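Colleague: Note that the protein sequences, when read in sequence, are chains D and A.
Quick note on UniProt numbering: the first sequence kicks off at 1 and runs consecutively.
Quick note on UniProt numbering: the second sequence kicks off at 1 and runs consecutively.
Don't read these hints as lab results, they were simulated from the structure.
Nothing here was measured: the structure is a model prediction, and the numbers come from that model.
Treat the hints with caution; some may be incorrect.
Chain A is nowhere near these chain D residues, computed Cβ spacing over 10 Å in every case [claimed, not checked]:
| no. | residue |
| --- | --- |
| 1 | 38 |
| 2 | 214 |
| 3 | 248 |
| 4 | 263 |
| 5 | 275 |
| 6 | 308 |
Okay, the calculated bits of chain A under chain D, using three or more residues with CB under 8 Å as the criterion [as the list claims (entries may be wrong)]:
| no. | stretch |
| --- | --- |
| 7 | 185 to 198 |
| 8 | 315 to 329 |
Positions of the beta carbon are idealized from the N, C-alpha and C atoms, including for glycine.
Single-letter residue listing:
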Amino acid sequence: MQRHLISAADLTRDDAVLILDTAEEMARVADRPIKKLPTLRGRTIVNLFFEDSTRTRISFEAAEKRLSADVINFTAKGSSVSKGESLKDTAQTLEAMGVDAVVIRHGASGAPYRLANSGWIDAAVINAGDGTHQHPTQALLDAFTMRRRLVGRDAGLGQDLSGKRITIVGDVLHSRVARSNVDLLHTLGAEVTLVAPPTLVPVGVGSWPCAVSYDLDSTLPKSDAVMMLRVQRERMNAAFFPTEREYSRRYGLDGDRMAKMPEHAIVMHPGPMVRGMEITAEVADSERCTVVEQVANGVSIRMAVLYLLLGGNEPAVTHARTTEEK
Amino acid sequence: MSKILIRGAKVLGGEPQDVLIDGETIAAVGTGLSAEGAEVIEAGGKVLLPGLVDLHTHLREPGREDSETVLTGTRAAASGGYTAVFAMANTFPVADTAGVVEQVWRLGQEHGYCDVQPIGAVTVGLEGRKLAELGAMHESAAGVTVFSDDGKCVDDAVIMRRALEYVKAFGGVVAQHAQEPRLTEGAQMNEGIVSAELGLGGWPAVAEESVIARDVLLAEHVGSRVHICHLSTAGSVEIVRWAKSRGIDVTAEVTPHHLLLTDEMVRTYNPVYKVNPPLRTERDVHALREALADGTIDIVATDHAPHPHEDKDCEWAAAAMGMVGLETALSVVQETMVDTGLLDWAGVADRMSSKPAQIGQATGHGRPVSAGEPANLTLVDTAYRGQVDPAGFASRSRNTPYEGRELPGRVTHTWLRGKATLVDGKLT
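Chain A on its own, in the form it takes in the complex (with noise of 0.2 Å):
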């Protein structure tokens, strides 16, 4: 591997400066630098930033490989600035056993284009009812710290308290899907205003809030750490601010689509906007990028959710639940957080790299950009304006709500440890 000379870019969206990579570490940041024996990547003002960590994807292999598979799931991951995506444990068969999760991470290893990092279930079969072999999960060559039953909540009580306790012995945590089971029978799109106009079952914020309370109780009672997932609504946000005030360890994220689009859009009755928790209101909307800017809520993740296109083009009820995002997400933080001043690009960097590494234990990740640190780096062009294509996208599944939306921001180079993956917004 030689070296390669990234010449002014805005590092962390800062003035320009040099970057040299030797190999698969940075060398050098600096102005000035030499530019000998290296391959030079002219960044005239584009924003560099740490590799993206995605601590939420579904890379749907094994099981549902005509969705996504490892490859096309870490090439879109790739495309997107991502250099380390966690993989969700709700595959066919689930990830709950060392076995599943050793697999997840090795094609990961072997394909090269972004460290795969498989979380584990929960419990056995994503059933709620018995727990998962943790500390195998934990001791198998993936190392899995993150558990979730992410699609399901786990929602008895005893089983959430024991699965936060027992992680504690190999520092993992559990990443919760708050969504009480109950009160969300049926449920179709966000309960509200326009779930009345259209007839849809109703999920009511409660049906989140009601959970998170709980979990960051339990969390606080047996003194373990606990992260929730795609939190999607205003009283939650509420609630993680009480818990962290309170100095409970909680942690969570949202995602960019929480962060652009309201539950109007299901007036389309499109089954590209139906998505689990569903897309609330604008208020909630508000209330998401507030908090991701005053860091109540700690990190954007994608919940990159792909489905084939038969599963999304039918009735809304019939519909799949999820969306793609990990080749957009970037673009829609950009408009949402950094476009409308709330959040700047090392606050970007903060929450789409560095904090999401640390919840995930993913060390090599999420580094500074300075000498000595693993070269995983990505080059932003923030200027860049454009209507998404999903022809373009290198995920299997098109299921993106941004079709034909206009954009901000472009990632044009990804580097994994010193190697690139994306060059020029081309896959190498």
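Looking at chain D on its own, in the form it has when it is part of the complex (with noise of 0.2 Å):
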């Protein structure tokens, strides 16, 4: 493993795997009438977002404290970017703390690459959510969500994701969780494929390890996997797309086109979900709406990079480390 996490296409396939199977041990804690773990007792982590996200700010937070960490939140949102300074003098503060792995979120693409690679900190940096680039934690709960549904929870340990398709629909152009789920599924072997009109896919995608197609309804029924985007209302007044009706008759999920999915398939959301237009009530509230297992599978894989960048290479539930032990 690297000492940070800044985006998903920075994984090896046995990376990848490692973490989804460490998640995957972690996920058992949360079935205990305890779940915490010992594992980074003494260790100090900072989430440093200069974005809103309370989902996300969340989910590390829970999966920091079961691992014992200790926990600053440090909430930054507004004027970051309009002056760059704040970046880096935030980072020197928290490192002046003694901090030990920053878990940043940042409006600005490659910020917290900047963070990682400037020299202006020591500390461990996790990516978790930068501009339009990239969201790694993101994309392997996603990967850990299509392994335990498409291949089982058991049965998916060691494995990848070989010969599985999933098709991403929506706002790629805005959005680093396709790009995120582009590059790491890539690594597992799936075959992606991503839906949205021409106006919300990047210039360049071409370059990009997947397929791309305008047209949701022939590619339904050869998805393992169809993920929804979140498609933000602005977009309709920059000219992406005509009006939300018809961006959802063209591109929304209802039952009918769920049906066309083959039977196995899942369907799966980043969330927040905007109801009606990406996506129907039907089709969210539906046994095949992953949702909720994502946001818990969040927690079980940030605490399985947390554990693996800052841990060390011990087992991570079974022998639990200690000051002797070293």
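Two chains, two frames, some hints: make the complex.
Modeller: Structural data, given as structure tokens:
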């Protein structure tokens, strides 16, 4: 494993499978009466959020606390990008406080990369979403959810997603989730198809390891998992598509469309869902929709990542590390 | 002022000759010239060029003296072999009145490292709405002949047309920063494979090309001349080539960094590579080199854009756009154009001295190296190779993309009207 987790593209197949397997171990902790491990006792982790994200921050915080780390939450929304020094200054303040890891969410693509590579700090950096670039733990939790559902909880151990066909639908242009998933799913051997109106597909997508289609209906029957991305209503005003209704008609997932998917296929969504636009309530509430599982799996994945970056190489659960054993 | 004999210099890269400077002018060029009464500079095979002329420099004074001043900027220019620079108008206050341009011009004269020819803004405050007092700036002591809203595009077609027409009265030229503003909202880098991957807002080539296409057609329609700043794409080259073949009076410049660097560098997220127009692709770089070689692109201009450390030591999106260039321009041109066989030293003299002087009407610069001409000269050790060390820059800012990179060539001497501004690589 590397020292930082900045991009899903940085993970090898073996790294990714190790994280997924470790997350399975971590998931068992959630089934215990006391959901806590001493693994990161005495370590300090800062959740540095320059952009609002209650879900991701709480997920990381839960993961950190279950591993017994000391957690500091730092929320600096708003003016961060308008004056660039703030990231460096904040980072160095945290460094001076002896922080071991920084979980960063930032509105600017590349901010976590800069934090990790500019010599500003020594702490491990975990990207919790940067601009329209990457959100690697989201991709990992998505892959974890797919492996559990499509391969099996125990059968999946040590396995990747070879041969699975994954369709990602919606605002690919502005989506760090789509970028991260394309990278990771490709590494794990899955075949990815992006489906979106041409205005929401980036120029240059041709170099990505995936297929691109503008037609959802023809893609659905060939999908083992369909991941719906959130589409912001503001995009309509920027002429990415004419109306919300037209978007829904062409790219929304409703019951009729879901019926075209193979029986075993699942519906995923990184949340929060806008019901009625990209996904109907009927689909969102169906058995096949994994949104709630994704949230739970997010904690396990983040525990696994934090453990592997900070904890060392000992087994995570069966053999908690103490100072005497070092 | 006394006599200086430059002995054994390869004038414009030709056979070694002696060049005798007497006072402010070149007294003689030949072999075996007498050294009597003259200070002798043993050139020993170095290349002698007419002093370089930069049609596109940001000196930041007035307003951002923490980035650069006329003094530090002209010292950087002398270090890079320049004897004249054209200072862009996007200062604070904007150089849109006779008062501001005269101030900048006078500072250049007082410091004496390099002639500073101010460029006047096309529109008041660079806001693109109302023409600035172009005539007053031309008639001022600064004698402005080049007008540009550089940093911003004159995107209103009517304002651009009027500016092109208006400057005909005194033989001026409008230098356009070609950037369609709506197509580049939120733009952070070249739009393409790399931007798609990095999730950075794209600056599409068509945003430059569409404005160039419009402006050459406007120039043709009103019978005026237009200059295209920092042309950066293969498509722009095609448009300029077409316009020239049609007889349209258009000239174009390319920066050293667009001849060398590509958008692949942005993968580092290091804002030292953040520049406007952005670094493009390998294909564009090669098209630009070819176009400079065949004359489609007329000149090399630095777009020297100094920024203080804190404006670059941050995340990409927050960083300022621009790179310093005066002190590395000739080395980059040697690497990309001369050492590749695309251009000889006479060609470099043409693209970096004669042509820019002609476009900007800097009489006294860009002249042949021959008797009777002003002694504006630059001596280059073309055999030198070394790593770029920004710590040694004369510029107040150090935002160079070449730190630690090995580049060929080093300017050892610069003379401005017979007065040495740089001797053995050291400023006087």
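Colleague: Taking 10 Å as the cut and beta carbons as the points, is residue 308 of chain D off the interface with chain A?
Modeller: holds, 24 Å
Colleague: Find the nearest Cβ of chain A to the Cβ of residue 248 of chain D and say whether that gap is larger than 10 Å.
Modeller: holds, 26 Å
Colleague: Between the stretch 185 to 198 of chain A and chain D, are there enough contacts, at least three residues with CB-CB distance under 8 Å, for the coverage claim to hold?
Modeller: Contact hint for the stretch 185 to 198 of chain A vs chain D: holds, 9 residues under 8 Å.
Colleague: Are all beta-carbon distances from residue 263 of chain D to chain A longer than 10 Å?
Modeller: For residue 263 of chain D, whose nearest Cβ neighbour in chain A is about 35 Å away, the distance exceeds 10 Å, so it holds.
Colleague: Just checking, residue 275 of chain D versus chain A, shortest CB gap more than 10 Å?
Modeller: holds, 27 Å
Colleague: If you count the residues of the stretch 315 to 329 of chain A with a beta-carbon closer than 8 Å to a beta-carbon of chain D, do you get 3 or more?
Modeller: Answer holds; 5 residues pass the 8 Å Cβ test.
Colleague: Test the statement that residue 38 of chain D is away from the interface with chain A: the closest C-beta pair must be farther apart than 10 Å.
Modeller: holds, 35 Å
Colleague: According to the definition I'm using, a residue is off the interface if its beta carbon is farther than 10 Å from all beta carbons of the partner; does residue 214 of chain D meet that for chain A?
Modeller: Given a closest Cβ separation of 17 Å, the condition holds.
Of the hints listed earlier, there is not a single one the structure fails to meet.
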